[in-house]
Every structure is written in structure tokens, then in C-alpha cells.
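Heads up: the protein sequence lines correspond to chains A and B, in order.
The opening position of the first sequence corresponds to residue 33 in this note's numbering, with each subsequent residue numbered one higher.
The opening position of the second sequence corresponds to residue 423 in this note's numbering, with each subsequent residue numbered one higher.
Worth double-checking, as some hints may not be accurate.
Okay, the calculated bits of chain A under chain B, using three or more residues with CB under 8 Å as the criterion [stated by the list, open to error]:
no.: 1; region: 83-90
no.: 2; region: 161-170
Label-pair ranges, simulated between beta-carbon atoms [stated by the list, open to error]:
no.: 3; chain 1: A; residue 1: P72; chain 2: B; residue 2: E738; range: 16 to 26 Å
no.: 4; chain 1: A; residue 1: K126; chain 2: B; residue 2: W620; range: 39 to 49 Å
no.: 5; chain 1: B; residue 1: F511; chain 2: A; residue 2: T73; range: 44 to 54 Å
no.: 6; chain 1: A; residue 1: E121; chain 2: B; residue 2: H451; range: 51 to 61 Å
no.: 7; chain 1: B; residue 1: G697; chain 2: A; residue 2: E65; range: 34 to 44 Å
no.: 8; chain 1: A; residue 1: E290; chain 2: B; residue 2: P734; range: 22 to 32 Å
no.: 9; chain 1: B; residue 1: L682; chain 2: A; residue 2: N61; range: 52 to 62 Å
no.: 10; chain 1: A; residue 1: A48; chain 2: B; residue 2: L641; range: 53 to 63 Å
no.: 11; chain 1: A; residue 1: V96; chain 2: B; residue 2: L641; range: 34 to 44 Å
no.: 12; chain 1: A; residue 1: Q284; chain 2: B; residue 2: G697; range: 31 to 41 Å
no.: 13; chain 1: B; residue 1: E507; chain 2: A; residue 2: G101; range: 50 to 60 Å
If you're looking for bench data, these hints aren't it; they were derived computationally from the structure.
C-beta: ideal position from N, C-alpha, C; glycine also.
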Amino acid sequence: MPIKFPFSRRAAPTDAWTMCPDCESQIFNRQLERNLRVCPTCGHHFRMSVGERIDLLLDEGSFVERDAGLESGDPLGFHDQKPYPDRLEASRIKTGLRDAAVWGTGRIDGQVVAIGLFDFRFMGGSMGSVVGEKIARCFEAALTERIPAIVVSASGGARMQEGTLSLLQLAKTTAPLTRLDAAGVPFISVLTDPTTGGVLASFASLGDLIVAEPKALIGFAGARVASGTVGEELPEGFQTAEFLLEHGFVDQVVPRAELRTVLSRALRLLPVAPVEDGWQAGGEARGWGPIGVLSGIAERFGDAVSERIGIDVEPAPGRAPEAPDEEHR
Amino acid sequence: MSESIVQGMAPPSPEAVEAAWRRVQLARHPQRPRTLDLIPRIFDDFLEMHGDRSFRDDAAIVGGPALLEGRAVMVIGHQKGNDTESNIFRNFGSPHPEGFRKAQRLMRLADKLGMPLITFLDTAGAFPGPAAEERGQAEAIASSIKLMTGLQVPIVVVILGEGGSGGALAIGVGDAVLALENAVYSVISPEGCAAILWRSPEAAPAAAAAMRMTAAEQLELGVIDTVIDEPGEGAHADHAATAKAVKRAVLAALGRVSQLDTEALLTTRYARLRGIGLVRETEAARWARPEAPSLRRRIGRLLGLPGIPRRPRWSEIWPSGEDGGDRDEGGA
Numbered sequence: 033m034p035i036k037f038p039f040s041r042r043a044a045p046t047d048a049w050t051m052c053p054d055c056e057s058q059i060f061n062r063q064l065e066r067n068l069r070v071c072p073t074c075g076h077h078f079r080m081s082v083g084e085r086i087d088l089l090l091d092e093g094s095f096v097e098r099d100a101g102l103e104s105g106d107p108l109g110f111h112d113q114k115p116y117p118d119r120l121e122a123s124r125i126k127t128g129l130r131d132a133a134v135w136g137t138g139r140i141d142g143q144v145v146a147i148g149l150f151d152f153r154f155m156g157g158s159m160g161s162v163v164g165e166k167i168a169r170c171f172e173a174a175l176t177e178r179i180p181a182i183v184v185s186a187s188g189g190a191r192m193q194e195g196t197l198s199l200l201q202l203a204k205t206t207a208p209l210t211r212l213d214a215a216g217v218p219f220i221s222v223l224t225d226p227t228t229g230g231v232l233a234s235f236a237s238l239g240d241l242i243v244a245e246p247k248a249l250i251g252f253a254g255a256r257v258a259s260g261t262v263g264e265e266l267p268e269g270f271q272t273a274e275f276l277l278e279h280g281f282v283d284q285v286v287p288r289a290e291l292r293t294v295l296s297r298a299l300r301l302l303p304v305a306p307v308e309d310g311w312q313a314g315g316e317a318r319g320w321g322p323i324g325v326l327s328g329i330a331e332r333f334g335d336a337v338s339e340r341i342g343i344d345v346e347p348a349p350g351r352a353p354e355a356p357d358e359e360h361r
Numbered sequence: 423m424s425e426s427i428v429q430g431m432a433p434p435s436p437e438a439v440e441a442a443w444r445r446v447q448l449a450r451h452p453q454r455p456r457t458l459d460l461i462p463r464i465f466d467d468f469l470e471m472h473g474d475r476s477f478r479d480d481a482a483i484v485g486g487p488a489l490l491e492g493r494a495v496m497v498i499g500h501q502k503g504n505d506t507e508s509n510i511f512r513n514f515g516s517p518h519p520e521g522f523r524k525a526q527r528l529m530r531l532a533d534k535l536g537m538p539l540i541t542f543l544d545t546a547g548a549f550p551g552p553a554a555e556e557r558g559q560a561e562a563i564a565s566s567i568k569l570m571t572g573l574q575v576p577i578v579v580v581i582l583g584e585g586g587s588g589g590a591l592a593i594g595v596g597d598a599v600l601a602l603e604n605a606v607y608s609v610i611s612p613e614g615c616a617a618i619l620w621r622s623p624e625a626a627p628a629a630a631a632a633m634r635m636t637a638a639e640q641l642e643l644g645v646i647d648t649v650i651d652e653p654g655e656g657a658h659a660d661h662a663a664t665a666k667a668v669k670r671a672v673l674a675a676l677g678r679v680s681q682l683d684t685e686a687l688l689t690t691r692y693a694r695l696r697g698i699g700l701v702r703e704t705e706a707a708r709w710a711r712p713e714a715p716s717l718r719r720r721i722g723r724l725l726g727l728p729g730i731p732r733r734p735r736w737s738e739i740w741p742s743g744e745d746g747g748d749r750d751e752g753g754a
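Just chain A, same shape as in the assembly (with noise of 0.2 Å):
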């Protein structure tokens, strides 16, 4: 069906409108922001800024941002086409960001929570030391606070202009999850559109949790890679949210919609282990106390991990693991 515009092409700017790419409806644009900006006739999730994902996930006004002034140096001297200062500064300038990834606390129906979140809007949401370091932080904050961590990510993977520094923010991302192992604390990992290469090879595939958005284009590698070096093009459908769940290596693929309800559903089943119980206790018998990893990492870390991460080890008696919302609230 032909649109028509109800007013001359000058009174209606063609960025009013935006046309769904997967059924190619015309989706008035502030209908589509009303809507989680998910196309109203099929479903399609378009892709959000951080703050679109902050208001969607968080209360309302409980966020807050932290290290905001973290930013990229130019380690590589890196010039492709353009240097990579004046690609920095273009995304800095499109996105009002200072990098593709913002990190802070936050409450989900009041429940406290460390999140971080990618803008892939900003050079591909692709990680370099700023973005590691935010995420990182995020979970060493999720540690010594003992809150929930959640990372909502939307990455094309490593940032090639910062070479293997980039490739090594796999590892200085997925350190802190031992130990988050190893003290109790969850990770809930959000998949959106689209999550692949470095970051999905590190901390976003090692959510306790992960959920995906519909259709989701969540791989290993981006299809101009596996054709660049396998020579052999990827069949239809698979790097979607819904292979993966079908693979196994997804717990739920989540419609936007219902995102926030499910995060804080899956924040009161999987709380933070309790101190009290937890794996300071050592040797002793406990009965709901954390096993496996825990118990086993823990117990070699020893009081070392609390003397170097600062968990607070003197068990407050009586104390309950939602304490800390109490204290936020």
C-alpha cells in the first residue's frame, strides 16, 4: 500500500518515517519509539541506544552512570583509511557517547544491580581498553557490593585499532568472572542485536543466565569474515538468537517487550549467595551454601580474595542478600 502523507514532503521530513527491513511496512517514527522501537506489524527489533536501554530496563531514575570520563588513547597509531582519533571523535559526535559501552548501577523493581551496556552505533559497539575496562569494573563492583551483574551487549567483537590490545580485553573481561564464581555472585548476560566476535567469545557467552532478543544476529563470526577466510558462505538462519537457543547455548530468547520483567524475575531466583553461608565458612557443613566452583576456587583463594577484592568477610548476622537494596532504597 502506497503511503500517503497527509502534508507536503517539506512539512513531512522522510526521518519522521522509518521502513521495517524485515516487512517493509513505513512505521511512523514516534510509533515506533512507543513501541520499544519493535515494528508494530512483524515483530522486528530494531536496535537501541544506551539510553533507549536504560529507560527500558531500569527504574525510572535509578541509574547511575559510572566511570563516565574513561576514554580511548591511540595505542597503535592506528590509521586505516582515516585515523582512528577522528573515527573516535566521529562516533563521540554521533552518539554523544565517549565510548560503546556505559557502565553503572541501577535498580530493577528495586532490585540493586551493577549493569553495563553497548551502543553499537558507536564504531560497531566494538571493545577496546575503555570498553574492557568499564565491564570489568562492572563486575568487580558486582563483587565487592555483591549485586547481580548484567551486561546487555550489542558488539561486532575486538577493536581492531587497538590490535591485540583489544583481543586481550577477552581475557581482562572474563577474569572477574572467576572470581564472581568463586564469591556467589550471578551474571546475567543479555544478547541483542548483534553480538559476535570478541565479545561474544568472552564474558557474553558466560552468563549464568543469557537471554537473546528475537532474531538477534548473535555468532562467532561476522559473516564477511567466514566468507573472507572460509571461502564458503554462512546458510540462512544460523546466528540467530533462536539457533543458539536451539544449540543449547542460550537459556531464553526474551521479546523486548518482557525483558524487564524477566530480568527481574530471574533476579529474585538467582540471588546472591549468602555471606553468612557462603565460602569463608570453609570446611564446615553448610545446607543451602553454594557448591562446585565455589567451594572449590574459594576455598584455594582462601581469605586472599576477600583481602584483594575487599568482600566484606565479617558475616553481618542476620543479614539478608537483598541488604543492599534496603540501603539504595
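With the hints as your guide, set chain B onto chain A.
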């Protein structure tokens, strides 16, 4: 404005591009010593173990216990072939997920028995094909990296040839990271980088130079600790001498990291990983907001006056643009 770790801010000169490309070709030299060429020359005994106990054996990764100067260690390495037939069998040294899961199995065994872990890196990268995706290539790499960050035993990593991206790092998290003189280490293959950023595979040499992927440059960046000199024209010319040099360097590195007790070992490893990258802490609280609220609004909000619009939401501060993002600048 921005500082560089590596000297030389200008785009690499044609000579530098040529030199970088020569290193890449040496690193890929068909006669370059592979993991299984070096193992018998470095270790006194080696018992190869196969399979991930879940799906199958991946010939692109080899490993098992070995004796190093009488001491039991665990050895894991990528394995390329040296002719067409063996390269097809070894999948050109590009592992599938089951290869990384075999490596994880051997790492856990090393951890259990308190054996130091020695890994040899030589891969263009993890295999990116459909079968690898289906079996969770990304998860296999991620969990391998995670496992290495928490291993209670010393880890010495040696980059023999190509240290290609996530497929290399999956067995490349170490307390000491060494590289042969003509080895290279990169976040993406120069061809892949050229295809994405230059849109032309012919730009691979330029991409190789831009990524500063040679051993010497990686040393400057602090990604590796030691460069092992190669004999004569390169490692391909003399496997025995190369093995001798690698053995000497591994023993020295192992001696160094073995002095740490488990706790110090893990703290040092964590600090090493946490410290990688160039991050500048600036004062700015936040990037300029698109619309700073007027004085009238701010006072109005403070006093709760009617007719004053609410505080801007985060989606107004960081809205979606018209475009969904530029895929070309993505990552690896």
C-alpha cells in the same frame, strides 16, 4: 592528543609495511617448526591425549603430559600440517570447539595434578565455519579463557608462528608469554582486517603493519614478555636450534613464575590482565548533554512548580540516531 605506546604515530611507511608483511610470511612459512616438531626436541617424554570426551578429537589442537628436565608438565598446542594432506587433516591448525574443549580437559587435569602448563600458539584463528558455530565456537573460546584465568598452576605461553585472535588466546592466557622472533600476534588476520577496514584483501600488508603484530612490537605493547631469537634466516631453517632456544626460554620463564605461591600467582595473573590496554581517566562527569536544562526549568523542578517539564530520560540524553550503526567499523 592521544598517546601511543608504540613509537611512530604516522601511518607505517612502505618499507615498514613490507617488513611487517615479511614477518607474517615467515610466521606462516610451510617449513616452520610446529608444535609436534618441537615437542620431541624439548621434552623427554610426551603422551598425547585425544578427544574432548563429548564430541570428538580435534587434530588442530594437540596435547598431553610431558617431561621437562624430569619434571611433569602439561603441554597443549595448535598443530598445523606441513603439506596439503596433513593440513587438511589438521584443518590448517584452526580448531573447532571440540579442540578447545579438549584443551580445557587437559588444563583441568594439569590443575588437578599441580602440573605447570606450557602452551604453543600457532593458528590463523579458530575455525569460523557453520559446524563450529553450531557447536558453540564462541562459548568454547570464552570458557577456555575463563578457565585459564583461574588455573592454580603456572602457565607459560609460547607463540610459535601465528597468534591468530580468539583461537590463539583461548590457550594463550599465561603468567609468562613468549614469542619467537618471527611470530606474529593479532586481533584479526591481516586479510580479515583489510577486508573490513580497507574493503580490499590486497591491503593485507598495510593492515599487518597497522596492527603492529610483530613480536618486537608486541613486546613494546607489553602483551608479551620475551622475544626468543631465531637461528639464521628463521626458525624454518633449523628446527633443532629453534627447539633449543625455545626450551631455554621456557625453562627460564617457568623458573621465574614457579617462585610465586598459588595466591601470588593468581593475583599477579589477574593484575597482568587487568592492566592491559590504554585507558585515560578524564575529569568529565559526562559528555555534554544535548539540551542543558534552563535555569527556569531547574528551579521549577526543584520547587515542583506546575508546567515544568520533567527531568530528561536517558533515552533523551542518548537517543537512537537515524541509522542503526556502521557495521564497517565493527570488530573481530
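Status of each hint after checking the structure:
1. 83-90: Contact hint for the region 83-90 of chain A vs chain B: holds, 4 residues under 8 Å.
2. 161-170: This one holds; 5 residues, not fewer than the three required, reach chain B with a Cβ under 8 Å.
3. P72(A) - E738(B): 16 to 26 Å: holds (22 Å)
4. K126(A) - W620(B): 39 to 49 Å: The hinted range 39 to 49 Å is violated for K126(A) and W620(B), with Cβ atoms some 22 Å apart.
5. F511(B) - T73(A): 44 to 54 Å: At roughly 51 Å between Cβ atoms, T73(A) and F511(B) fall inside 44 to 54 Å, so the hint holds.
6. E121(A) - H451(B): 51 to 61 Å: Given range 51 to 61 Å: violated, Cβ gap about 40 Å.
7. G697(B) - E65(A): 34 to 44 Å: holds (42 Å)
8. E290(A) - P734(B): 22 to 32 Å: holds (26 Å)
9. L682(B) - N61(A): 52 to 62 Å: Holds, at about 58 Å.
10. A48(A) - L641(B): 53 to 63 Å: About 55 Å separates the Cβ atoms of A48(A) and L641(B), which means 53 to 63 Å holds.
11. V96(A) - L641(B): 34 to 44 Å: holds (40 Å)
12. Q284(A) - G697(B): 31 to 41 Å: holds (36 Å)
13. E507(B) - G101(A): 50 to 60 Å: The hint (50 to 60 Å, Cβ to Cβ) holds, given that E507(B) and G101(A) are roughly 56 Å apart.
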